[in-house]
Structures are given as C-alpha cells and as structure tokens.
Amino acid sequence: MDKIFAYGPILIGGMGVTLAVAVLSMATATALGAAVAALALRGGAFVRAATAVYTTVARGVPDLVLMLLIFFGGERAINAVLAAFGHGRISVSPFLAGVTTLSFIFGAFLAEIFRGAFLAVPRGQIEAAEAIGLTPRRILVRVVLPQMLRLALPGFTNTWLVMLKSTAIISIVGLQDMVGIADKAGKATREPFLFMLAVILFFLALTAASSDLLRRFERRFHPGGVADAR
Amino acid sequence: MFARLAAVLLVSTTALAQAAEMKVCVEGAYPPMSMMNEKGEIVGMDIDIAKALCAEIGATCPLVKTDWEAMIPSLLEGKCDAIIASMSITPEREQVVAFTDKYLQSPSMFIARTGAGLTDTAEALAGKRVGVQRGTVSHDFMTGEFPKVELGLYGSEEEIYLDLKAGRVDAAFVDGGTGETAFLKTPEGAGFAFFGRPHTEKKYFGKGVGIALRPADGARREKLNAAIRTIRANGKYIEINNRYFSTDQYGD
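Protein chains in written order, with our numbering: chain A, 2 to 231; chain B, 943 to 1194.
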C-alpha cells in the first residue's frame, strides 16, 4: 500500500492528463459531431456522401490503429506539405495526437446521435411553428434544440463514458496518462494488481460521478420531470 | 539565390543539432533495465548505459518515453534518434533498423542449492535433472551441449523455481538477469546460488542486445560502437552493471 503512496503524486498527475484529454476531446468531438450532423441533414448530395464516409470510417477503424496513423502518418503528411512550402519539420505531440484521434472517432458517434435526435423531433411541431410565423432561427432555438438535447443526452452520456476509457490508448505514444503510469509503476514495484486496482477505482469514481451529473441534466431538460414520458 | 542560401542554412543547422543531440527512445517497463521511479522518471541500467555512451560521444540525450509497440516507428519517423531499450538484435528487426554492436547479452546461468557441489560440465551433470523454460534458447543450448542431462521442461521460469525449491529438479538453467532479480534476490531464493560460468554461446544465444538506429546513421553507429568499447575498457560499464547485477551482463 505504501507503494501506491510513493507513486501517489505522479499517479495524480496522470489522472489530470487523463481528465484533460477526455474533457478536451469531448468538447471538440461535440463541436465536430454537431457540424457533421448539420451537414448530413442539410447538405447537398456530395456533402451528405462525405459525411457518410467520415462516420463509417471513424466508427469502423480501431482506435489504436487510428492513433498510430495520426501520430506517425499525420506527422509525415504535415511535414510533406510543409516541405513543399519550404518550411522545416514540425513534431506532433502525443497530447495533440491523442486529442485529435479521440475527437475524430467520437465526433462520428456524436454526429449520428445528434442526427438521430434531430430526426426524432416530430415533423409536425416544426410545421406548426412555421404556421404561427416563427423564423427558422427561432424554430431551431426554441423548438428543435431543447427537444434534441433531451433526446441526445442518453447517447451523449454513453459516448462520454466510452471515450473516458478510450483515453488509455494514448499511453502507447508516450503520453503519461493514469493507465500508462500505473502500468509502469506496477512493473517497477512488481505489484501490477495493486496499481491496476487504483486505476479501476479512479475510472469507476469518474464514470459514476459523470453519469450522475448527466442524469441530473436529463431530468432538468424534461420539464415534465419524467424521463420516459413518451 | 536567397532560397538556396536559406536552404543551405537550414540544412547546416539541422546537421549541427544532430551532432550535439541524440534523442533516445526508452521504455520504462522492464525492470531493472528500464523502469519508472516515484518521480515518474525512467531509470535503470539501460538509461545509465545511455547516459554513459552520450557522455562518451559528446552528445546531450533527451529521453523520449515510448511504449514498446511504438518504438521502431518512433525511430523511423524521427521522434527519437536511437532506441536503448534492451532490444535484441534479430534478423527481422535488422531489415528495418541498423543495430550497433551488442551492449548487453544477459547470459543464461545454472542455479542450484548452495553447497550442492555441481559444476557446469557435461560429465558432472550427466544423469541430473535440470529445469529449463520450454522453447527458449536455453532449452536449445541444454539439448545441444548437455545431451545426457535429464531435462524438466516448464512454461515459465517461475515454475522452475517452484520445482527447484521442492527438489523435483537438481538445478535450473535460466536467464541470469531475471534469475537474480526475480529469484535469488527475493526471499524465495534464500539458500540458492548460481554455479558454473555465464553462457552466451553465439550458436545458441544469438547476437545479444544492441542500440537501434536509422539505417542512414552510419557515422553515429561507428561512434556508438567506439563508445561501447571505451566504457567496456575503462570500467564504466562494470560500475553501472554492478548497481543492478552481481554478474557481468555483457556476456563474452
């Protein structure tokens, strides 16, 4: 047990890295997902086909493969472009590669969730709003978005929980996240299970806390107060 | 004209930077060669060797923490300039990276109860029962050099130690490095000791562990080979070795 305390400070630092990667990735994935969903719903034939390719690829390729592809291949691609313009080499940091990969993957899952939520808002409500003379902008903000939000929240919560655990893949490119540190500390002290237990407890605490928080949001966005009122 | 000048300047600055700096990929998950301490720093014999070699060639060596799976890609993509991570020289790896001469070859060694009076000759061990890990280079060595020894075959070195303690085998033939750190130095290994000499016969045990470099870095390879010879000759290597092991891990 004293071994956990000895490694305590860097483990806590690792938790910080894990959380930072997760929160930042979720924020960019949400923005990306919303943009892609909007394009998929409103774009022309070509744009819609492009979004379909994106969601298929991003949801179909294993995260580890994509991670290595962006970390190594992405750097090579950027440098090839830079070299063409006569610039020197740059280096993609593990943190940036991690956030980019997770945003890219989970942006696709969120795009599908948002698209589904939009389609689930009854068409008649939008027509009714048009009939009473609301502008398209007001229809979106007052009618569609509030309902979309509550329809999308369960899927959003799910995606967040999955993504939180997917952050573990970033240690492969050398970022010192909680899982990577615990793995190495476990090997150095020959106490792998002790450190893995700490990781389990950390993730359980985090997932429990965040699902509780998001459940509060779900209740908040149901004016009737009943989660399954339909 | 200016573009060409700028290009020349850029190239020369990179060349200078290369001479003064060698980024080293390290792993940190293979104690006691490479492991993470309480401060999150990677320490171990690999790292001490890396620092000694860098001092020898006059380079600064920032350590780049990399997982095993990403080692060779990191080297080839220039995220580091050398891999010093107990990487064995194998024909497969030699197709994509260039290795220096070995800086390490953990020998295989015999272990028996202290005072058992055994020696590592084919005659002395004839008829004795020796435990080895199945399918390893140690297994090949025992079959080839000690045909009259009765072999006990095991799935892991841990299982050999259990039977050695229980008296089901007279001796164990295992990796000297892990034999020391995972058995002899633990409470389990009390009353046991190495006997005979360290075995690294090339026919069975291959070329050992080297530093992996990009194939184009021929000049660096020569410098590092010279540096390895120097720290072997001036005692620096043994000093580092003895911080972690009681037997010389270089082999012969």
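Hints were generated in silico from the structure; no laboratory data involved.
Predicted model, so just to flag it, every value in this text is computed and none were measured.
Be a bit skeptical, because a hint or two may be false.
[What the hints assert, rightly or not] Only pairs whose alpha carbons sit at most 27 Å apart, straight line, appear in this in silico DSS-like list of lysine-lysine:
| no. | chain 1 | residue 1 | chain 2 | residue 2 |
| --- | --- | --- | --- | --- |
| 1 | A | LYS188 | B | LYS993 |
| 2 | B | LYS1070 | B | LYS1178 |
| 3 | B | LYS1149 | B | LYS1165 |
| 4 | B | LYS1127 | A | LYS188 |
| 5 | B | LYS993 | B | LYS1145 |
| 6 | B | LYS1107 | B | LYS1044 |
| 7 | B | LYS1144 | A | LYS4 |
| 8 | B | LYS981 | A | LYS4 |
| 9 | B | LYS1107 | B | LYS1149 |
| 10 | B | LYS1107 | B | LYS1090 |
| 11 | B | LYS1090 | B | LYS965 |
| 12 | B | LYS1178 | B | LYS981 |
| 13 | B | LYS1070 | A | LYS188 |
| 14 | B | LYS1165 | B | LYS965 |
| 15 | A | LYS166 | A | LYS188 |
| 16 | B | LYS1107 | B | LYS1144 |
| 17 | B | LYS1044 | B | LYS1145 |
| 18 | B | LYS1127 | B | LYS981 |
| 19 | A | LYS188 | B | LYS1144 |
| 20 | B | LYS1165 | B | LYS1144 |
| 21 | B | LYS1145 | B | LYS1070 |
| 22 | B | LYS1145 | A | LYS188 |
| 23 | A | LYS188 | B | LYS965 |
| 24 | A | LYS166 | B | LYS1090 |
| 25 | A | LYS188 | A | LYS4 |
| 26 | B | LYS993 | B | LYS1090 |
| 27 | B | LYS993 | B | LYS1070 |
Against the structure, the hints come out as follows:
Taken as a hint, the LYS188 of chain A and LYS993 of chain B pair is honoured in the structure, with Cα atoms around 23 Å apart against an allowance of 27 Å. Taken as a hint, the LYS1070 of chain B and LYS1178 of chain B pair is broken in the structure, with Cα atoms around 39 Å apart against an allowance of 27 Å. Our distance criterion of 27 Å between C-alpha atoms is met by LYS1149 of chain B and LYS1165 of chain B, whose separation comes to about 19 Å. Of the supplied pair hints, the one linking LYS1127 of chain B and LYS188 of chain A holds, its CA atoms being roughly 17 Å apart against a limit of 27 Å.
Only pairs whose Cα atoms come within 27 Å are accepted, and LYS993 of chain B paired with LYS1145 of chain B is rejected, the gap being roughly 31 Å. Of the supplied pair hints, the one linking LYS1107 of chain B and LYS1044 of chain B is violated, its CA atoms being roughly 34 Å apart against a limit of 27 Å. For the hint linking LYS1144 of chain B to LYS4 of chain A, the alpha-carbon distance of about 40 Å lies beyond 27 Å, and the restraint is violated. Between LYS981 of chain B and LYS4 of chain A the alpha-carbon distance is near 12 Å, which keeps this suggested pair within the 27 Å criterion.
Proximity of LYS1107 of chain B to LYS1149 of chain B is assessed by CA-CA distance (about 32 Å); at most 27 Å being required, the pair is judged violated. Our distance criterion of 27 Å between C-alpha atoms is met by LYS1107 of chain B and LYS1090 of chain B, whose separation comes to about 23 Å. Restraint check for LYS1090 of chain B and LYS965 of chain B: not satisfied, since their Cα atoms lie roughly 49 Å apart, outside the 27 Å limit. Between LYS1178 of chain B and LYS981 of chain B the alpha-carbon distance is near 26 Å, which keeps this suggested pair within the 27 Å criterion.
With a CA separation close to 35 Å, the supplied pair LYS1070 of chain B and LYS188 of chain A exceeds the 27 Å bound. Of the supplied pair hints, the one linking LYS1165 of chain B and LYS965 of chain B holds, its CA atoms being roughly 15 Å apart against a limit of 27 Å. The hinted pair formed by LYS166 of chain A and LYS188 of chain A meets the criterion: a straight-line CA distance of about 21 Å does not exceed 27 Å. A threshold of 27 Å between alpha carbons decides the hint, and for LYS1107 of chain B with LYS1144 of chain B the separation of about 31 Å lies outside it, so the pair is violated.
A hinted pair counts as satisfied when its Cα atoms are at most 27 Å apart, and LYS1044 of chain B with LYS1145 of chain B qualifies at roughly 15 Å. Restraint check: the Cα-Cα separation between LYS1127 of chain B and LYS981 of chain B comes to about 25 Å, which is no more than 27 Å; the hinted pair holds. Straight-line distance between C-alpha atoms of LYS188 of chain A and LYS1144 of chain B comes to about 30 Å, which puts the hinted pair past the 27 Å bound. A C-alpha spacing of about 24 Å is found between LYS1165 of chain B and LYS1144 of chain B, which places the hinted pair at or below 27 Å, so the restraint holds.
Distance restraint check for LYS1145 of chain B and LYS1070 of chain B: the Cα-Cα separation of roughly 24 Å lies within the 27 Å cut-off, and the hinted pair is therefore satisfied. Between LYS1145 of chain B and LYS188 of chain A the alpha-carbon distance is near 32 Å, which puts this suggested pair outside the 27 Å criterion. For a cut-off of 27 Å, the pair hint linking LYS188 of chain A to LYS965 of chain B stands: about 24 Å separates their Cα positions. Between LYS166 of chain A and LYS1090 of chain B the alpha-carbon distance is near 54 Å, which puts this suggested pair outside the 27 Å criterion.
With a C-alpha separation of about 12 Å, the suggested pairing of LYS188 of chain A with LYS4 of chain A holds against the 27 Å cut-off. Simply put, LYS993 of chain B and LYS1090 of chain B have alpha-carbon atoms about 45 Å apart, too far for the 27 Å limit, and the pair is violated. Between LYS993 of chain B and LYS1070 of chain B, the direct Cα distance comes to roughly 44 Å. Violation of the 27 Å bound is thereby established for this hinted pair.
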